[in-house]
Amino acid sequence: MDNISADALQKVQSGQIDLAALKKYALDHAYDEMFAAPGQLRENYMPLLDHFGSLPPDELQRRKQAADLSFLNQGITFTVYGREEGTEKIFPYDLIPRIITSAEWERVERGLTQRITALNLFLKDIYNDGRILKDGIVPRELVYSCPQYRRQMMGLEVPRNVYVAVCGTDLIRLENGDFVVLEDNLRVPSGVSYMLTNRRVMKRIFPQLFRHYNVKPIEQYTQLLLGTLRSLSPEGRPEPNIVLLSPGVFNSAYFEHAYLARQMGIELVEGRDLVVHDNICYMRTTSGLRRVDVIYRRVDDDFIDPLSFRPDSILGVAGLFNAYRAGNVTLANAFGTGVADDKALYAFVPSIIKYYLSEEPILQNVKTYLCAIDKERDYVIANLDKLVVKAVGESGGYGMLIGTQSSKKEREVFAEKIKANPRNYIAQPTISFSRAPCLIGDEFEPRHVDLRPYVLYGDKVRIVPGGLTRVALKQGSLVVNSSQGGGSKDTWVLS
Amino acid sequence: MLSRVADSLYWMSRYLERAEHTTRLLDVNLNLMLDETSNSADHRWPRLLQSLGRPRRLKWEGNPYTLAHTLTFDLTNPASVVACVISARENARHMREQISTEQWHRLNSLYLEVTRPGFKKEMQLDAESSTEGPVAFLQQVMEAVHQFQGVTDSTMSHGEGWHFIQVGRYLERATATTFLLEAYHEDLWAHPDRAVDGNEYLEWMGLLRSATAFEAYCKVYTADLTPERILEFILLDPEFPHSVRFSIDALHAALGAIQQQSGKRRADEVQRLAGKLSASLAFASIDEILDRDVVGYLRRIQQQCNAIHNEIYELYVNYSIQTALAG
Chain A
16 MDNISADALQ KVQSGQIDLA ALKKYALDHA YDEMFAAPGQ LRENYMPLLD
66 HFGSLPPDEL QRRKQAADLS FLNQGITFTV YGREEGTEKI FPYDLIPRII
116 TSAEWERVER GLTQRITALN LFLKDIYNDG RILKDGIVPR ELVYSCPQYR
166 RQMMGLEVPR NVYVAVCGTD LIRLENGDFV VLEDNLRVPS GVSYMLTNRR
216 VMKRIFPQLF RHYNVKPIEQ YTQLLLGTLR SLSPEGRPEP NIVLLSPGVF
266 NSAYFEHAYL ARQMGIELVE GRDLVVHDNI CYMRTTSGLR RVDVIYRRVD
316 DDFIDPLSFR PDSILGVAGL FNAYRAGNVT LANAFGTGVA DDKALYAFVP
366 SIIKYYLSEE PILQNVKTYL CAIDKERDYV IANLDKLVVK AVGESGGYGM
416 LIGTQSSKKE REVFAEKIKA NPRNYIAQPT ISFSRAPCLI GDEFEPRHVD
466 LRPYVLYGDK VRIVPGGLTR VALKQGSLVV NSSQGGGSKD TWVLS
Chain B
228 MLSRVADSLY WMSRYLERAE HTTRLLDVNL NLMLDETSNS ADHRWPRLLQ
278 SLGRPRRLKW EGNPYTLAHT LTFDLTNPAS VVACVISARE NARHMREQIS
328 TEQWHRLNSL YLEVTRPGFK KEMQLDAESS TEGPVAFLQQ VMEAVHQFQG
378 VTDSTMSHGE GWHFIQVGRY LERATATTFL LEAYHEDLWA HPDRAVDGNE
428 YLEWMGLLRS ATAFEAYCKV YTADLTPERI LEFILLDPEF PHSVRFSIDA
478 LHAALGAIQQ QSGKRRADEV QRLAGKLSAS LAFASIDEIL DRDVVGYLRR
528 IQQQCNAIHN EIYELYVNYS IQTALAG
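Chains A and B, in that order, are what the protein sequence lines are. Under my numbering, residues 16 to 510 are what the first sequence spells out, in order. Under my numbering, residues 228 to 554 are what the second sequence spells out, in order.
Calculated from the structure, these hints are not laboratory results. For clarity, every value in this text was computed on a predicted model and none was experimentally measured. Keep in mind that a hint or two might mislead.
[Claimed, not checked] Chain A is faced by these chain B residues, among others (derived, beta-carbon under 10 Å): (1) L229; (2) A233; (3) R284; (4) L285; (5) G289; (6) V309; (7) H321; (8) E324; (9) M383; (10) S384; (11) E387; (12) F391; (13) Q488; (14) S489; (15) G490.
Just so you know, even glycine gets a beta-carbon here, dropped at the ideal spot from N, CA and C.
Turn these sequences into a full structure, and let the hints steer you where they fit.
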């Protein structure tokens, strides 16, 4: 890396790198992943520009097409809700990798480990003794009023005390370059298949560049996930039968479910494949019923067992929760983990970390106003035009108000909504996510990005370097969700 | 293997076989039409409907192109070619990870092609406006299904799943072929003493072509066509892949392989049914069949195929939990 970048630096200085493609690359106050200052390239991006500059004019487009085709042929698609036609779409992606140095990553990794450890302790606590509530660190009513709080989980023992086995934490970079946590996804985080396929496509499209960079591998993810799930097997089941429970082919992440099941070599099951008899869970196979020990479930709490949760669910398995209670089958993630990624409880995560671990949080939060608190609500309503308001129960970029881009009418509607149900809303200042170069047409242009690393927690914490970098492909947009016009790019953590 | 997956593999295969069968019958009959007199159309097209098991709400109304178009594109008819392709692809999608990428590509591109907006218009099955349209379309579907079968055999492990594909294909084929023979009964075997003219010869060729059997037949019996030999060949030939006997033998073998791999001890009944049918075809003689009730004979085969289908479901897919726990 050192030699290469020194070489590249020389080329930049001597004008050998053709930066014609950078004409449209204008910096603003947001942190830029490629430029430290106008004309001043960050070292980790130099070899990349050198390589791209050395390609013949049409080569980039040709490779872009090759990548397109590769995604199309692999059927890497997601489903967009609320549209009648063409509900299956190819996940948009960008060819320019996002590059993170090993020092930056090392800090992120420590921060994520600390955070998932604390959040699991928190979940164990609130579903058992409730010490943190008694001590007044987290308001009791905030926990109990959370729709994701499951009183059925009270007093239940879960294997290894692991509630959240798979977590996708959304990180953004502030203007000073610090990574901060935007939200924790502790229920059924998705997107990891895009991380893995992005990498596979990039290696095929830019083999030389990839080799030069010494990127840390991520391909071991599925194996680590399998190891994590295996470590959570119920007692006395040394050779557990592990399955992935999917809502089925109409779910937006079905591709991912099928992909992960295939990569791990486990069965992909739907609710109708499973039956519970005498508190033991079985799957229906052509050779009869086969016992299931660990379920990596990608079905939401509400739908997983019509007897215990929503009775109208046809995605679930009747009696599964009782089998789980009896300790005969493990679910990853556990029920009721959503209480800890509630957008209002999010504000308390730094205190939660301090309370259980007696450590300072390594990764900070974004400043958050809770509309449930009178003083903060007044501030939010007075400053709607500057803030981003989010409904605590929604995800995927739905139910949001971005103050700076809203009309007066929208703000009035939102103010009414907040007053009607303050517990349901939080607000955050409008933050400029960092921007990374993207290939738009023939030119490099900066676009806002976030980063979702995937954290696995079983017998120990396992994190593959990097994660899914999501891009707001529309110019100026801050919404990176794939359901709202976002895309993704490969994330390279250097070693 | 998950019961649901076995179910999807089985139906994916059946639907594709059905799509190919319907397509072939249409292709053959549209071709024969060029030689036909106007009154023979009123005979031939209802017979086509009969050989497809008389799809509901479909009647012969005098225009072969309209009928062919409906049999190909009408989505309210679940047996139309496009509906079958969609159902096959839907089944594949529900167990995408169980079949090979090559299989998925082949099936998915067939699906994309037949459901492409504007495709229906381009493929107007109307001889006036386009000379090649319908034929080209039908050829394309048949080729795609053949390719899919080739890709299935060469890229998918020949394990339990592959055998379920075989079961679906051959059960569908055996049933469809007996329906086809039944529809031709009146014309070919009901009146053995009828005089033969050039038109008859054309009909016989049509029947053989409908079972892709013309060339194979000629290799065995030369181009000397007689109704008895045609029936014997399509029904009892042990080597021709579209004959009823071949299909039942293949079905029997696939069921045996599944029984072995799934370790089912209770599979005796399904094996008994398939074995019995297979043996009865192996030891049948065409004279005996012709001496008695041909239609009754064909219907008994259909009933046995149905019984095998039900037994497969009872055993591998829809079994009750009580019996499974007891077993």
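Now the hints, each set against the structure:
no.	hint	in the structure
1	L229	holds (5 Å)
2	A233	holds (5 Å)
3	R284	violated (27 Å)
4	L285	violated (29 Å)
5	G289	violated (36 Å)
6	V309	violated (17 Å)
7	H321	holds (5 Å)
8	E324	holds (4 Å)
9	M383	violated (14 Å)
10	S384	violated (14 Å)
11	E387	holds (7 Å)
12	F391	holds (8 Å)
13	Q488	holds (8 Å)
14	S489	holds (4 Å)
15	G490	holds (5 Å)
Figure legend: structure checked against the earlier numbered hints; hints not met, in rising order: 3, 4, 5, 6, 9, 10.
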